[in-house]
Amino acid sequence: MSDRPSTEAEAARNTGPLPTTAKSRLVGIDAARGLALIGMVAIHILPSWNIQTGKPTLTWLLFSGNAAALFALLAGVGLALMSGGRRPHEGRRMLADGVGLLVRAVLITLIGLTISAAIPDDPPAYSILVYYGMFFLLAIPFLRMRPVGLFVSAGVFCVVSPFLMQSLIDEVPAWTVYNPTFSDVVQAPAATFFQLLLTGTYPALAYLVYVLVGLGLGRLNLRSTANQVRILVVGVGITIIARGASHILLYGLGGYDQLYLTSDFGRRELHDALIFGPGQLPTNSWWWLAIWTPHTNTPFAIASSLGLALAALGLFLLIGNRIAEWLKPLSAMGTMTLTLYSAHLLALSLEIHYDQPHLWFIIQIAVAILFALAWQKWMGQGPLERGITTVVKGVRRLVMGRSRRRAGLVDAHGGSPGDAGGARGDSAHAGRGDATGDAPYRPAAEDVRRGDGRDPGGPSAPAPWNAAPDGAPTQGDADPARDDGPARGGHRGGHHGGAHRSPRRR
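Under full-length UniProt numbering, the first residue of the sequence shown is numbered 1, with each subsequent residue one higher.
Hints may be right or wrong, so weigh each one.
Said to hold, decoys possible - Simulated restraints on C-beta separations: (1) Val234 with Phe163: 37 to 47 Å; (2) Asp257 with Leu370: 46 to 56 Å; (3) Gly401 with Leu110: 43 to 53 Å; (4) Arg92 with Ile363: 43 to 53 Å; (5) Arg243 with Ser167: 29 to 39 Å; (6) Lys377 with Thr225: 25 to 35 Å; (7) Val148 with Leu359: 16 to 26 Å; (8) Asp170 with Leu261: 16 to 26 Å; (9) Asp355 with Val185: 28 to 38 Å.
Derived by calculation from the structure, the hints in this document are not laboratory data. Given the structure is predicted, the values throughout are model-derived calculations rather than measurements. Glycine included, C-beta positions come from ideal geometry on N, C-alpha and C.
Start from the sequences and build out the full structure, keeping to the hints where you can.
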């Protein structure tokens, strides 16, 4: 671009260290991630149905399946931001992004396997962390794609993956544990692999839809109010269409009757299965793929949760920078979801929350908010996020073939100089925690004028703290969580308890 500073020195003169203000960040991304974390904690701790009425609780209706989808969507956004945002990196920088993502996937998987070892065999929650490693591995080939290609790919996976999973579920090795550990990887590698890819609570082939859509969104201008409104409106529309189409198929075209005739469920059991999930999705009728029940990973379930995730992201992007101070508790949690999600799982493993779930929910959220606010103020990046970022940065330096950092701007969303900030002039959206780059970066004049840059950093600059692929309950940014935890009985892995398993499952 002709309006870029011609030299690094000129870039430094024209911009200087820019202040870190709420307005220089896409606060909505962090806040949305914080909401997803709260949803995950709620779905793990609070009841799924009302004991007196048998109806699903508001917690179930709002968060089951949807918190996990939001985390995965935001993980995709973070991957886009760390690999160049609107202007994807090229050549060696993109190679470094891919290798860095591979390392990130391995590290998050190791963290997930370690935490799983501490969770009881009859778990209070199903961890998404190990699945996140698979999400990231599958996402690597898509880093170079433009938005249209990413959205089309997501649509293909949304339709094809459920049919593939339904066809292969009885053909692949069955998994035997809810949360895989190191011993399971060694003793049953094939079963663990297919659990993560096809048959588990968060099968990567299905969740790749959310990641790819997030990648596509991260390649757009997320500061544009028009785009923010589009994300919100499209999200609401997708959910309405998905649920409406499912209803027509089931109750207008005979799908419900076929499910009743071909299954062992009575009317009441079938009704409950359509709300809470049938456990392992039966394979005796393709009509099961017409339901939109959370965690069943049918085309309509994926689309419904995707739409709600998009709507939440669009809404928070619209209001985020306008009421940043009010959203600070949410956004602070959203910058270190990997740390907070891991701590949440370890707390659940003590199994002391069952008798007073509402009290323990309040305690966990309050502690998470206070910790996040204090740690962010005094230390910056979350502890686990910082560790992953440090390792990934080192690996990227090796790939880039450079040992010292050169001048650049920290992107507006908290990324570090160089690659992480965004490809040549699009640092405005890189997320903290995604930052891993060392390649030289020259900001475009438009970014300088907008105030999208941040302190050049250098060896003494504070580490980015925005939870993106490094900081998610899942991954970094994810990225994030059991996000919302394995839906009670709603996954394909064979939740043998059916729709009436303990509400702590989801």
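Hints, one by one, checked against the model:
Our hint of 37 to 47 Å for Val234 and Phe163 is violated, since their Cβ atoms are close to 24 Å apart. For Asp257 and Leu370, the hinted distance range of 46 to 56 Å is satisfied, since their beta carbons lie about 53 Å from each other. A hinted range of 43 to 53 Å is violated for the C-beta pair Gly401 and Leu110, which are about 27 Å apart. The hinted range of 43 to 53 Å is satisfied by Arg92 and Ile363, whose Cβ atoms lie roughly 48 Å apart.
Restraint check, Arg243 to Ser167: a C-beta distance of roughly 25 Å breaks the suggested window 29 to 39 Å. A C-beta distance of roughly 30 Å is found between Lys377 and Thr225, which places it inside the suggested range of 25 to 35 Å. A beta carbon spacing of about 49 Å between Val148 and Leu359 contradicts the range 16 to 26 Å that was offered as a hint. For the pair Asp170 and Leu261, the supplied restraint of 16 to 26 Å holds, since their beta-carbon distance comes to about 21 Å.
Under the hint 28 to 38 Å, the C-beta atoms of Asp355 and Val185, about 35 Å apart, fit the expected range.
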